[in-house]
Amino acid sequence: MRTAYPLQRAEQRVPMELAVQIEGNEGLPGVETTFTENVSARGARVTTIRRWRINDRLHLATLPGEFRATARVAYCQPRRGNGFAIGLEFLEPTGRWVIQPPAVQEDHQRG
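Residues 64 to 174 (my numbering) make up the sequence shown, in order.
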């Protein structure tokens with residue numbers, strides 16, 4: 064019998080609905096305006112109408128806001144009804160994200 068072990072994440076996810084734009088899907092090109100479901104310092108779970116492949120690269124930008132990132136699709140799961148939920152890992156972030164990585168938080172506290 065197999066034993067299932069829960070996946071341990073390095074960072075806590077925070078439920079947060081944040082407006083974002085994503086683009087870069089090869090099958091359905093164009094910009095999609097959508098929302099996050101939850102966020103962490105290094106990624107987000109985002110709802111989408113497009114199907115994405117694992118390891119696809121996309122561009123994400125917050126609305127409004129100064130944050131932009133190239134991100135990697137870690138997973139793409141069908142949602143009830145229609146659409147998908149994708150897990151994103153930020154590869155090249157610029158600007159201020161809603162949650163900063165611990166090293167950045169420590170630097171701000173010292174300054």
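Please note that a few of the clues may not be correct.
[Unchecked claim] Pair by pair, the computed Cβ-Cβ distance ranges are:
hint	residue 1	residue 2	range
1	92	163	18 to 24 angstroms
2	116	94	14 to 20 angstroms
3	93	128	17 to 23 angstroms
4	157	117	32 to 38 angstroms
5	164	93	16 to 22 angstroms
6	163	82	29 to 35 angstroms
7	128	76	32 to 38 angstroms
8	77	140	18 to 24 angstroms
9	117	155	14 to 20 angstroms
To be clear, the hints were calculated from the coordinates, so they are not data collected in a lab.
Since the structure is predicted, the reported quantities are computational estimates derived from the model, not experimental observations.
Heads up, the beta-carbon is just placed ideally off N, CA and C, and yes, glycines get one too.
### Task
Check each numbered hint against the structure and report the violated ones by number, ascending.
1, 4, 5, 6 and 7
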